[in-house]
Amino acid sequence: MNEAMKGNGAPIVAHDLVRHFGKTVAVDHLSFEVRSGEIYGLLGPNGAGKTTTVKMVSGLLPPTQGQVEVFGFDPMNQPIEVKNRIGLVPEDHILYESLTPREFFNFITSIRQLDEQDVKTRVKSLIDAFEFGEYFDKPIAALSHGNRQKASVIAAIIHDPPLLVLDEPFSGLDARTVRVLKDILNIHLENGGGILFSSHILEVAESLCDRIGIIDDGKMVAEGTVDELREMVKAHGSLEEIFLRAVQQDAEVAETVQALRKALTKNYTR
Amino acid sequence: MSEIKEIEPNISWREAWRIAGKIAFEVQFRSAMSMSSGAMTQTIEKQIQRARSNTRFNKITISVFIGMLAIVFGILVWGTLSGLYGTPTEFRWITVAFTVSMFCLVGFAFLVFWGLMVSTSFISTNAASIGHYLPVSRVDTGKLALLAYIRLLDSQMITIIIGFPLAYGIVIYLVYGLVIPSILGALACLGAFLISVGLGITIMLILALYFYTRIQTTGGSRLGSIVRLLFYVLWAVVIMGFSLSFQLLNIIVPLVESLSISLVPFWYLLYFAYPFTMGTFVVLATGIPGTPQFWLDFIVVALYGGLTLLGLRWSRNFLRQIGTGVVTTTGPSVIHPVDIKVSRVGIALLRKDLRIATRTPGQAIMFFLPFLTMLPIFLQFIWEIGVVHVSDVITFIVMPTIMLGFFSIFFLSVEARGMKYTLTLPLPTERILKSKAQLITLMALAIPVFVIAVSFFKSFTNPISFLLAASMVPVVYVSAYISLVLFTRVVGGGRLIGFEIGQHITQMIIVGLFSAFISFVPIALLGICWSWVFLLGYPVEWAHFAGLAGLWAGITINYLLGKLFARLFIIG
Ligand SMILES: Nc1ncnc2c1ncn2[C@@H]1O[C@H](COP(=O)(O)OP(=O)(O)O)[C@@H](O)[C@H]1O
Ligand SMILES: [Mg+2]
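Those protein sequences? They're chains A and B, same order as listed.
Residues in the first sequence are numbered consecutively from 1, following the working numbering.
Residues in the second sequence are numbered consecutively from 1, following the working numbering.
Rather than coming from a laboratory, the hints here were simulated on the basis of the structure.
Just so it is clear, CB atoms sit at the ideal spot from N, CA and C, and this is done for glycine as well.
Errors might be hidden in some of the hints.
Stated by the list, open to error - Keeping only pairs whose Cα atoms sit at most 16 Å apart, straight-line, the calculated EDC-like set for lysine to aspartate or glutamate is:
| hint | chain 1 | residue 1 | chain 2 | residue 2 |
| --- | --- | --- | --- | --- |
| 1 | A | 124 | B | 339 |
| 2 | A | 182 | A | 38 |
| 3 | A | 120 | B | 339 |
| 4 | B | 458 | B | 392 |
| 5 | A | 23 | B | 45 |
| 6 | B | 59 | B | 154 |
| 7 | B | 341 | A | 115 |
| 8 | B | 341 | A | 116 |
| 9 | B | 341 | A | 118 |
| 10 | A | 23 | A | 217 |
| 11 | A | 182 | A | 210 |
| 12 | A | 124 | A | 134 |
| 13 | A | 124 | A | 160 |
| 14 | A | 219 | A | 28 |
| 15 | A | 182 | A | 206 |
| 16 | B | 22 | B | 154 |
| 17 | A | 120 | A | 160 |
| 18 | B | 46 | B | 26 |
Stated by the list, open to error - Now the stretches of chain B that chain A is said to cover, found in silico as 3 or more residues with beta-carbon under 8 Å:
| hint | segment |
| --- | --- |
| 19 | 347-359 |
| 20 | 421-429 |
Turn these sequences into a full structure, and let the hints steer you where they fit.
Printed below as a string of structure tokens:
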């Protein structure tokens with residue numbers, strides 16, 4: 001990890017972030033902090049505002065209100081400083097479709113002006129770990145979802161950024177790749193980097209994150225370590241219950257599932 | 001299990017046309033969404049509204065443009081038949097036949113050109129697959145996909161199919177005052193343009209298929225490059241015909257006349273070939289006096305009609321396959337060693353854009369801009385001028401310079417779907433715009449190159465001509481830069497935004513006109529400084545140098561203007 005890259009301040013300090021889309025309030029007065037050496041999970045159901053938050057953090061979307069700082073830099077006003085320090089795996093991995101991964105990696109390393117030797121060793125080991133070699137010269141358009149995701153992950157860490165921002169990175173990956181990616185994240189933490197991670201999958205967040213912020217309708221409904229969260233909702237068992245309780249859905253879910261059962265029950269043998 | 005509702009196995013054409021309109025809009029919306037940074041800052045509802053009004057607006061622009069072409073066509077036919085151009089009576093039929101043929105070709109080329117532009121969005125947004133999720137038959141899926149494709153081009157097609165026959169019928173009535181020939185002529189014209197449009201769609205799809213199954217997959221192989229080169233040669237031919245028909249009437253008329261008259265002895269052979277079959281057909285149906293009895297032509301037209309129907313059926317199947325993913329895009333799996341090469345930022349940007357552009361059928365056209373702009377004028381030079389004076393060179397290079405500036409926005413289309421990724425890179429917006437301006441500057445190098453080429457055939461009176469020609473390259477650079485900045489401001493609100501032909505053609509024309517005006521500033525200064533010094537009674541050599549100085553002053557002014565605009569308008 002390059003110390004000079006870290007600038008001053010914590011990887012992410014978000015204060016009172018708000019984002020409106022017309023009448024929709026996608027993110028509603030959200031504050032959180034991601035520290036060095038820590039993996040912070042944004043956990044929430046679909047449409048909770050995770051992607052919107054990730055975009056504001058990485059300088060792709062201006063907040064309606066509030067501030068976010070990445071190593072002390074403002075993503076909207078100092079986008080270059082921020083983009084140099086973030087490795088982003090976006091939710092929709094749209095890459096340059098007609099380039100091959102080789103051409104794509106050459107392009108981004110040139111844009112970032114990285115050291116050729118360093119990058120080469122790094123990319124080689126990543127490609128071996130991901131078993132990606134045979135796709136290295138195929139157009140990205142021809143890659144499967146999972147393989148694009150791999151390309152997207154490699155591209156995100158190619159410049160050794162001190163902060164990783166991953167928006168639902170495990171969706172569509174096979175077990176081996178998930179394992180490799182988890183290892184990559186752990187190594188990154190050991191090196192003192194920070195990670196912001198979004199997911200709607202509880203198990204993943206539970207097993208991986210140091211701290212979790214549960215968001216719903218753009219609001220932070222609970223925050224803390226897994227243990228603290230358990231304490232908070234005074235329940236035992238899996239995080240799933242905690243999660244549903246935190247977003248106050250458990251009773252409602254039970255009800256809707258009941259209704260769903262009625263609607264869907266059929267006798268296929270009739 | 002409750003009964004599954006069977007949807008009618010055959011959707012009516014009317015219903016299919018309506019659904020296809022929805023799919024077509026989806027294609028445009030998806031591709032517009034995927035490439036705008038605005039997509040992230042505006043509400044979805046607003047974006048949909050905007051895409052819808054953009055689409056509508058663009059359709060109107062295109063229709064007006066084609067309508068004007070139809071008027072030009074009508075004037076040409078009328079001028080010939082009424083004797084206005086002094087065409088000898090016995091040759092009028094062939095001049096009309098030739099004119100009709102050429103405009104059939106223009107309609108054909110227009111559809112191929114436009115279709116290739118949208119084919120990228122059509123295939124990459126995978127909108128054709130929508131039909132697969134609906135409970136419709138396989139045949140209907142193909143029908144829907146074909147109609148959706150057609151609806152992306154509907155305004156162009158409809159104006160072509162209605163505009164030209166209408167213009168023709170009216171002109172025939174005006175000249176002869178007879179109803180029957182004008183109706184027959186208009187109907188024949190309708191057939192001719194219908195066939196041209198159908199052939200255009202088929203050819204365009206074949207080319208698109210070719211790109212997606214072969215070129216995209218071969219990555220950087222040598223064979224791929226050769227095949228691609230061949231494709232571009234083909235493009236060049238189409239574009240050349242296209243651009244020639246856009247030259248002013250006073251260039252076309254004598255050209256058409258002398259060319260068509262010189263073709264008389266070969267016509268009995270030529271009319272078997274498209275597009276001449278179509279011209280002959282129309283002239284025969286109208287009964288223009290003096291037309292030879294090429295009755296076989298009706299059979300040939302019927303054959304082309306059949307061919308078109310076959311082509312459309314093939315297109316339907318192909319489009320159906322796009323949806324199901326039968327069109328494979330997997331290349332040979334030769335594994336090369338992993339390696340990373342770091343180059344300079346500017347080079348990397350240019351290389352990426354050139355790669356993407358050469359692999360995308362709709363963008364290949366940009367490599368023809370130099371030819372499109374230079375070749376007609378070059379030929380005129382070789383034919384019409386004896387010794388080349390400085391003033392000749394200036395008239396020679398003004399048009400291409402202005403045209404390249406005009407087309408600069410087009411180069412933003414290279415970003416296309418990759419735009420979203422580009423935004424995540426630590427690149428100032430201004431840097432990316434600069435790179436696009438550099439791309440068009442590469443094309444502008446054609447100006448001095450062509451002038452040097454002329455010097456192999458003709459002798460120049462003054463070597464300063466070459467300096468002037470070379471100075472056009474920076475003129476293009478600065479005006480391209482200014483128009484890119486303006487487009488980013490006008491369409492993207494100051495943030496990077498891609499160019500998508502179905503969405504932004506109107507904005508491109510507006511910004512392009514402004515850019516043409518901007519590139520005219522240095523040229524005007526050249527003229528002013530030149531005449532000022534010359535009129536003061538100094539030697540002509542001095543005037544040349546004064547002109548050159550004026551030109552460079554203009555370039556500097558535009559450069560500073562560009563910097564200022566970028567500072568004022570560009571965000572990020
Ligand atoms: N461009 C947009 N226009 C309108 N609404 C949007 C836009 N982007 C996101 N939203 C809305 O904001 C909310 C949060 O979305 P998002 O951040 O994508 O959620 P998540 O990633 O947690 O699933 C959703 O209700 C979504 O519909
Ligand atoms: Mg999301």
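Unmet hints by their number, sorted upward, for this structure
Every hint satisfied by this model.
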